[in-house]
Structure formats: C-alpha cells, structure tokens
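Chains as they are written, first to last, in our numbering: chain C, 13 to 229; chain U, 13 to 229.
No lab work stands behind these hints: they were computed from the structure. Warning: the hint list may mix true and false statements.
The list treats identical chains as interchangeable, and a pair is accepted whether it falls inside one copy or across any two copies.
Only pairs whose alpha carbons sit at most 25 Å apart, straight line, appear in this in silico DSS-like list of lysine-lysine [stated by the list, open to error]:
(1) Lys225 - Lys189
(2) Lys220 - Lys184
(3) Lys86 - Lys74
(4) Lys78 - Lys56
(5) Lys55 - Lys225
(6) Lys184 - Lys225
(7) Lys217 - Lys74
(8) Lys193 - Lys225
(9) Lys220 - Lys86
(10) Lys193 - Lys74
(11) Lys220 - Lys78
(12) Lys112 - Lys127
(13) Lys127 - Lys106
(14) Lys220 - Lys112
Residues per chain are reported as follows:
There are 2 protein chains.
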Amino acid sequence: DHYVVIGKGESILSCVNEIMLAISNGYADNKPVVVLLPSEEEKKRLELSPDVEILIGEPSNKDTLKRANVESAKYVILALEDDSKSVFVTLLVKGMSNAKVFVEALRPESFELLKQAGADRVIVSRELGGRLLASSIFEPEVVDVIEDLTTSTGSYDITVIPGDEVWGLEYKQAFEKLYPKGCFLMGYIAQRVVLMPSLAERIPKGSKLVVLKRAGK
Amino acid sequence: DHYVVIGKGESILSCVNEIMLAISNGYADNKPVVVLLPSEEEKKRLELSPDVEILIGEPSNKDTLKRANVESAKYVILALEDDSKSVFVTLLVKGMSNAKVFVEALRPESFELLKQAGADRVIVSRELGGRLLASSIFEPEVVDVIEDLTTSTGSYDITVIPGDEVWGLEYKQAFEKLYPKGCFLMGYIAQRVVLMPSLAERIPKGSKLVVLKRAGK
Ligand SMILES: [Ca+2]
Ligand SMILES: [Ca+2]
Numbered sequence: 013d014h015y016v017v018i019g020k021g022e023s024i025l026s027c028v029n030e031i032m033l034a035i036s037n038g039y040a041d042n043k044p045v046v047v048l049l050p051s052e053e054e055k056k057r058l059e060l061s062p063d064v065e066i067l068i069g070e071p072s073n074k075d076t077l078k079r080a081n082v083e084s085a086k087y088v089i090l091a092l093e094d095d096s097k098s099v100f101v102t103l104l105v106k107g108m109s110n111a112k113v114f115v116e117a118l119r120p121e122s123f124e125l126l127k128q129a130g131a132d133r134v135i136v137s138r139e140l141g142g143r144l145l146a147s148s149i150f151e152p153e154v155v156d157v158i159e160d161l162t163t164s165t166g167s168y169d170i171t172v173i174p175g176d177e178v179w180g181l182e183y184k185q186a187f188e189k190l191y192p193k194g195c196f197l198m199g200y201i202a203q204r205v206v207l208m209p210s211l212a213e214r215i216p217k218g219s220k221l222v223v224l225k226r227a228g229k
Numbered sequence: 013d014h015y016v017v018i019g020k021g022e023s024i025l026s027c028v029n030e031i032m033l034a035i036s037n038g039y040a041d042n043k044p045v046v047v048l049l050p051s052e053e054e055k056k057r058l059e060l061s062p063d064v065e066i067l068i069g070e071p072s073n074k075d076t077l078k079r080a081n082v083e084s085a086k087y088v089i090l091a092l093e094d095d096s097k098s099v100f101v102t103l104l105v106k107g108m109s110n111a112k113v114f115v116e117a118l119r120p121e122s123f124e125l126l127k128q129a130g131a132d133r134v135i136v137s138r139e140l141g142g143r144l145l146a147s148s149i150f151e152p153e154v155v156d157v158i159e160d161l162t163t164s165t166g167s168y169d170i171t172v173i174p175g176d177e178v179w180g181l182e183y184k185q186a187f188e189k190l191y192p193k194g195c196f197l198m199g200y201i202a203q204r205v206v207l208m209p210s211l212a213e214r215i216p217k218g219s220k221l222v223v224l225k226r227a228g229k
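Use the sequences and the hints to build the structure in full.
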C-alpha cells in the first residue's frame, strides 16, 4: 500500500518531489515512498528528499522488485530511459502485483506496446515537450497557462473536487455558486470527463467536478 | 522570416508535426520550416513531413547555422539532447539573429544558464513528464484533461482569441456572451495573463482572451 518509483534521471526527481508535495498538501495519501535507482552515483546526483526510502538495484531483476515490496505496492512508476526495459519491467510488475503502473516512454512508438504489457498510463514526455516548443511560436500565452496548470506551483491549478453541493443544479447555477468560492467550474466527471456542458445541463448526481483554482486555496 | 528547428529525437518530430498542423489550421503563419538534423540516419528514422526542408550538419558550427538561414529566421527551436551544447548554440544564434529562441532542456539546473544565454523560453520536458506521472496517482482525471489541453488533437483546446467584442463588458457578461459560441472564457491577457477575474471586473480594452474550446471549432 505504498508508492514505488523506479528509474533514473530528471523525471524521477520531479515525480518524487510532486508526490511529496501532494502528500504534504493532503492531496495524496501519506504512504511510504520507495525509490529504486540503478546506482549510488545516481542517488548522489539526484539529492532526493530525506523522507524517501532509496534502494539501489537492477529493476529487471525480480528479486530487486521484491526488495521494494512491489507485491504490496498500490502504485508503481517507471521512468527507466529505456523503452524495451520498461516493457519488460511492466510485465514483471503486473505479474506479481495489483499495483497501478504508470510509465514514462521515450518514443511514441512504445505507447501501444507498453499498454499491451499492462501499463495503466503512458506519458511520452519529450513528445509533450516538443508540442509545447511548437506552441511557443503561435500561442506563447497558452504555453504559460499550461506550464502553470501542469504543476502544483504557479498561480493556478486544475483540480478535482467532490460535487455534492451542486448535484442536480444547472451548470450555470453551479458555476455561479462555486465562482465566489474561488472555484472556476470547467466541467464534471461522471463516466467520463465532460468539460463545457451546456448552460442548462444538470450536474449529474454522484459526479465529481473539474475546477480551476488559484494555487494554495 | 521562417521557422528553424534544430536537434534530434522525439521532441523534434512532435514539434515539427505540431507546427505543420498549426500552419494547416491557420493558427501559425505559413512560412517555410527548416529542420537541421545531425545525420542521415536521424533523417531516415524520424520520417518528417515532406513539406519540411531538411539539412544535415553540426549546429555548434556557425556555417551550418548560416546554411539554415538562421540570420533571417523568426523562430529557432533547439532540442539537442545536450544542455551544454544548447547553451553554446543559443549564444551563437542570439549573436547572429533577432530570432526568438525556444529550447528544450534535459535538466532543470540548465534553465537559468539557458535564460542567461538569451533563450526566450526553456521547456524541461522530462520534469513535466515526471510531474504528470506523479499526478496520475492522485488526480488521474486532471492528467487526462492536461494531456488533452497540451495538444491540438483530443476534445478540447486552450487558445487565445481577439477580445474586441467583449472589451468593456463585465467578466460575467462576457462569459455569457461567448459561452453559446462554444468559447469558455477563462480570463484575459493585458500586460499579463489574468485567469478567473472577479465577476464584475471589466475586460480591459486592447486585451486578448484566454478561452477553452471544443477541438476543431
Ligand atoms: Ca499551478
Ligand atoms: Ca486538445
């Protein structure tokens, strides 16, 4: 019932920092974070938070995964800088654990293979980076907004909140009820994410809300 | 007055594809796109659009940059997979051209140095990827929304539109005027980006608008 982060490089650092921040903000459950790195050098270089348990070992080795208690982990994150190894480790983890597995891929071509191996989410970081570089040309302000929205720092965050206080209200009424509280209602999540419903559409009972908020509120 | 994209790897592919898409949608000016790659192998591997001019050469060589007409370029994008080389090439480009320079950095530590070298924007892709992996744990729907918002595909886009039809209106009035047209008014850009203004705040004359739209509208 803990978090396991496996890999190397800058993705690991920002991922672990974001998890620690979410735990300290109360957004994520306060469970142990175990980080598996390939070497002592990488451990020195990354300077991870002292609240994290760090193991050194080769993740494609099942015994190493057992040392990290992958069997009982709730979430396993892989950022291995090697997509074939990521496929292999995803299969190993899925074979020994019920954990959700989130994987950073280097190449878009690896997306499907990682999904087939059982990955619950695949992020192709550099593809995202390339798109933002392109958008910097034709819509720089949008890139500013997106850079802010993708981190828990900055001025604004997108977040999900319980919706019970506006269930059954029309979207327009719900918007006006939440706005003075600093929540900008973008849409709701019932079976799927629905942004920008029509003004008269009623917020479904049981749904959660997607809102934009000022950071720190 | 053209676009120059320099580097290698997946960032280049997604960056060029996004520029071509923006040109075909009319979001970006229809100017030539010149891509400078390090080798013929990289050219074969990436399979870039045939509408792109591809040069092969070493970007830290000033003559290579001249071949790409960097002197008269409007935008130069660097994704070199080597942050020290990126600093060097940023200095070269800024010394010979008035182009805006947007750089992909591998390490967060390089951010400040690239800014000092004159980079107009620095994107640390893998840092962004790491944050999204972490957010997948505690707010997976937000990651879905952000993945959609960061590409011109998917269901929704954040975009900037001219604001003249709502200048002087209160934010609430402007919101209600634009909503039926499929534009969800998030805020405005005057000197800086202001999201979620108060309901009675007037949209400043001369400002542009930040809106969420359904894709393809
Ligand atoms: Ca933020
Ligand atoms: Ca989109």
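Status of each hint after checking the structure:
no.	hint	in the structure
1	Lys225 - Lys189	both (14 Å within a copy, 22 Å between copies)
2	Lys220 - Lys184	both (16 Å within a copy, 24 Å between copies)
3	Lys86 - Lys74	within (17 Å within a copy, 52 Å between copies)
4	Lys78 - Lys56	within (23 Å within a copy, 41 Å between copies)
5	Lys55 - Lys225	neither (35 Å within a copy, 44 Å between copies)
6	Lys184 - Lys225	both (18 Å within a copy, 17 Å between copies)
7	Lys217 - Lys74	neither (44 Å within a copy, 63 Å between copies)
8	Lys193 - Lys225	both (9 Å within a copy, 24 Å between copies)
9	Lys220 - Lys86	within (22 Å within a copy, 45 Å between copies)
10	Lys193 - Lys74	neither (49 Å within a copy, 55 Å between copies)
11	Lys220 - Lys78	neither (36 Å within a copy, 55 Å between copies)
12	Lys112 - Lys127	within (12 Å within a copy, 38 Å between copies)
13	Lys127 - Lys106	within (12 Å within a copy, 42 Å between copies)
14	Lys220 - Lys112	within (21 Å within a copy, 42 Å between copies)
Figure legend: structure checked against the earlier numbered hints; hints not met, in rising order: 5, 7, 10 and 11.
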